[in-house]
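Participant: Following the hints, put chain B in place on chain A, whose structure we already have.
Protein chains in written order, with numbering that gives the first Met the number 0: chain A, 0 to 153; chain B, 0 to 153.
Calculated directly from the structure, the hints in this document are not laboratory data.
In this text, a Cβ means the ideal position worked out from N, Cα and C, and glycines have one as well.
Incorrect hints may have been included.
Calculated cross-link-like contacts (lysine to aspartate or glutamate; reagent style EDC-like; alpha-carbon spacing at most 20 Å) [claimed, not checked]:
| hint | chain 1 | residue 1 | chain 2 | residue 2 |
| --- | --- | --- | --- | --- |
| 1 | B | Lys96 | B | Asp82 |
| 2 | B | Lys41 | B | Glu136 |
| 3 | A | Lys96 | B | Asp82 |
| 4 | A | Lys153 | A | Asp82 |
| 5 | B | Lys96 | A | Asp82 |
| 6 | A | Lys41 | A | Asp147 |
| 7 | A | Lys96 | B | Asp73 |
| 8 | B | Lys153 | B | Glu39 |
| 9 | B | Lys96 | A | Asp147 |
| 10 | A | Lys96 | A | Glu58 |
| 11 | A | Lys41 | A | Asp82 |
Now the stretches of chain B that chain A is said to cover, found in silico as 3 or more residues with beta-carbon under 8 Å [as the list claims (entries may be wrong)]:
| hint | segment |
| --- | --- |
| 12 | 5 to 17 |
| 13 | 32 to 43 |
| 14 | 78 to 88 |
| 15 | 100 to 108 |
There are 2 protein chains.
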Amino acid sequence: MTPNTVVHGTFVIERTYGAPPARVFAAFADPAIKRRWFAEGKGSELLEFTMDFRVGGRELGRFRFQGRMEMRNDTVYQDIVADWRIVFAYTMSVEDKRISASLATIELAPTAGGTRLAFTEQSAFFEGADGPKIREEGWRTLLQRLEDDLRSGK
Amino acid sequence: MTPNTVVHGTFVIERTYGAPPARVFAAFADPAIKRRWFAEGKGSELLEFTMDFRVGGRELGRFRFQGRMEMRNDTVYQDIVADWRIVFAYTMSVEDKRISASLATIELAPTAGGTRLAFTEQSAFFEGADGPKIREEGWRTLLQRLEDDLRSGK
Numbered sequence: 000m001t002p003n004t005v006v007h008g009t010f011v012i013e014r015t016y017g018a019p020p021a022r023v024f025a026a027f028a029d030p031a032i033k034r035r036w037f038a039e040g041k042g043s044e045l046l047e048f049t050m051d052f053r054v055g056g057r058e059l060g061r062f063r064f065q066g067r068m069e070m071r072n073d074t075v076y077q078d079i080v081a082d083w084r085i086v087f088a089y090t091m092s093v094e095d096k097r098i099s100a101s102l103a104t105i106e107l108a109p110t111a112g113g114t115r116l117a118f119t120e121q122s123a124f125f126e127g128a129d130g131p132k133i134r135e136e137g138w139r140t141l142l143q144r145l146e147d148d149l150r151s152g153k
Numbered sequence: 000m001t002p003n004t005v006v007h008g009t010f011v012i013e014r015t016y017g018a019p020p021a022r023v024f025a026a027f028a029d030p031a032i033k034r035r036w037f038a039e040g041k042g043s044e045l046l047e048f049t050m051d052f053r054v055g056g057r058e059l060g061r062f063r064f065q066g067r068m069e070m071r072n073d074t075v076y077q078d079i080v081a082d083w084r085i086v087f088a089y090t091m092s093v094e095d096k097r098i099s100a101s102l103a104t105i106e107l108a109p110t111a112g113g114t115r116l117a118f119t120e121q122s123a124f125f126e127g128a129d130g131p132k133i134r135e136e137g138w139r140t141l142l143q144r145l146e147d148d149l150r151s152g153k
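Just chain A, with the same shape it has in the complex (with noise of 0.2 Å):
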């Protein structure tokens, strides 16, 4: 018995970044926040983001990359304890096909001199996706932006 067409994988980002985790958690729970370091990205043009940050609330984020390919992320918030762990499932399409489905852990916990982060992904994809490789590629970016974002003090 072979396996369909779905590609199953799991990565693991460690980061710790220089602010408490009440702060990181911020970035990811308050929608100005999460729309400046998620959503509002160099060489991509926002098209729509909205967000309702609760269990069962969804997020959506329309993108145009290039002037060109449109790419959809449409997310529902699966498990949410405040400055300890956000668990959502998104999925990925690119001009309405969807390409991925995947469950995302976010960790957080207190270190000496602010947060450590661990963002867990499990993902399935489909016909024509990314896969496991370039999705942890795009997350490490994002979270890099993240710390430039706290960095910024704003």
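Facilitator: Chain B only, in chain A's frame:
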């Protein structure tokens, strides 16, 4: 850097059924059929079962086990390809305490005598959860109940 309290796990269950993919797919897509093999289990009282089988649609099951604990299952459908794939995110709660969030992928493929089903679950288990082994046993039981239901010819 050590992890927080979340335990991540993945398991895959493969089954073959003596019914064509369309009939196995219907057992997941048709609320009356799914209620029969999935929700109305022995040893548990079904308190509520509703499902809206479309991408973004939700399913809710509430059960009471042995007259004691209330368990709750909240699902959001992430991807559906008729007779081929169903992907859903779900959480399990015991007495209103969420114990896990999971991404489940069901893949169907025709075989000479029926259907091969591959069930892949990627889960995050929280404080007080059952964990990957008990979860896998639970799904093996359910997929056997599906077998029994398909054989019953209903």
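Participant: Could you work out which of the previously given hints the structure breaks and list their numbers from low to high?
Facilitator: Failing hints, ascending: 1, 7, 9, 11 and 13.
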